[in-house]
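Novice: Residues in the sequence shown are numbered consecutively from 1, following the UniProt record's numbering.
Because the hints were derived from the structure by calculation, they are not lab data.
A portion of the hints provided could be inaccurate.
[What the hints assert, rightly or not] Dumping the calculated DSBU-like pairs for lysine-lysine here, alpha-carbon to alpha-carbon at most 35 Å:
no.	residue 1	residue 2
1	165	47
2	31	14
3	120	57
4	14	185
5	120	5
6	89	185
7	174	14
8	47	64
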Amino acid sequence: MYVPKQFKVEDSDKLISFIKSNSFGILFSTKDGIPVATHIPFVYDEKSHRLAGHLAKQNPQAAKSEPQQALVVFPGPHAYISPTWYEEKNSVPTWNYVAVHVYGEMKIIQNREEAEQILKDSITFFESNQQELWTTDLTDSYNHALLDHIVPFEITIDRMEGAWKLNQHHSEEKQRKTIEQLLSKNDENSQQIARLMEENNLYAKED
Numbered sequence: 001m002y003v004p005k006q007f008k009v010e011d012s013d014k015l016i017s018f019i020k021s022n023s024f025g026i027l028f029s030t031k032d033g034i035p036v037a038t039h040i041p042f043v044y045d046e047k048s049h050r051l052a053g054h055l056a057k058q059n060p061q062a063a064k065s066e067p068q069q070a071l072v073v074f075p076g077p078h079a080y081i082s083p084t085w086y087e088e089k090n091s092v093p094t095w096n097y098v099a100v101h102v103y104g105e106m107k108i109i110q111n112r113e114e115a116e117q118i119l120k121d122s123i124t125f126f127e128s129n130q131q132e133l134w135t136t137d138l139t140d141s142y143n144h145a146l147l148d149h150i151v152p153f154e155i156t157i158d159r160m161e162g163a164w165k166l167n168q169h170h171s172e173e174k175q176r177k178t179i180e181q182l183l184s185k186n187d188e189n190s191q192q193i194a195r196l197m198e199e200n201n202l203y204a205k206e207d
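Can you make the complete structure from the sequences, with help from the hints?
Specialist: The structure is reproduced here in structure tokens:
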């Protein structure tokens with residue numbers, strides 16, 4: 001993706017942490033030369049540096065058995081920034097946002113045990129913050145039948161790109177005004193962008 005230098009994040013630990021916190025991503029690949037996409041949850045594997053997930057067997061993205069190149073987009077919070085907040089001329093509207101793109105080779109998992117392990121890892125990860133943990137026996141007849149209707153896969157990560165567009169190119173005064181306005185909004189996206197601006201201490205330079 002196009003990321004101006006001042007917005008680019010290359011710290012792999014920061015990108016991985018973001019993926020774990022925003023794990024519902026968008027899988028992009030091609031089918032017969034046509035782009036296709038699916039919104040699904042992903043689990044990051046620390047040891048193998050891979051993403052794992054599963055698709056419905058009827059999904060066109062699950063039909064290609066040989067490895068293929070794929071892109072996963074992990075969108076984060078985003079918020080509209082009005083030029084009126086700066087209270088000065090020659091300002092224009094913009095949008096602050098955070099996002100991570102992951103590129104790699106996607107491989108369909110054929111082995112039953114490996115497929116079950118992907119599902120186990122997914123359940124463990126997404127149940128980890130629940131007060132009462134849900135567990136299940138993937139080998140029982142009910143789950144065994146369901147497994148026949150999904151296609152687990154892994155993506156070996158080749159590279160990651162991060163964009164943290166948070167007014168870094170504006171003065172401290174403009175950034176403070178932006179944070180103040182965002183905090184006054186009731187929507188969660190605006191609140192999160194304001195917190196990210198504060199946390200990252202983005203007072204980079206004067207205009």
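Novice: Against the 35 Å threshold, does the CA-CA distance of residue 47 and residue 64 hold or violate the hint?
Specialist: holds (26 Å)
Novice: Mind checking the alpha carbons of residue 174 and residue 14 for me, to see if they're no more than 35 Å apart?
Specialist: holds (26 Å)
Novice: Residue 89 and residue 185: Cα distance at most 35 Å?
Specialist: Given pair residue 89, residue 185 holds - Cα atoms ~23 Å apart, limit 35 Å.
Novice: Does the alpha-carbon distance linking residue 165 and residue 47 stay inside the 35 Å limit?
Specialist: holds (30 Å)
Novice: Hint check: residue 120 vs residue 5, CA-CA at most 35 Å. Holds or violated?
Specialist: violated (39 Å)
Novice: Against the 35 Å threshold, does the CA-CA distance of residue 120 and residue 57 hold or violate the hint?
Specialist: It holds: about 19 Å lies between the C-alpha atoms, which stays within 35 Å.
Novice: Taking only the CA atoms, is the gap from residue 31 to residue 14 under or equal to 35 Å?
Specialist: holds (32 Å)
Novice: With the threshold set at 35 Å, check whether the alpha-carbon distance from residue 14 to residue 185 stays at or below it.
Specialist: OK: residue 14 and residue 185 at ~27 Å, within 35 Å.
Going through the hint list in order, the structure does not satisfy hint 5, though it satisfies all others.
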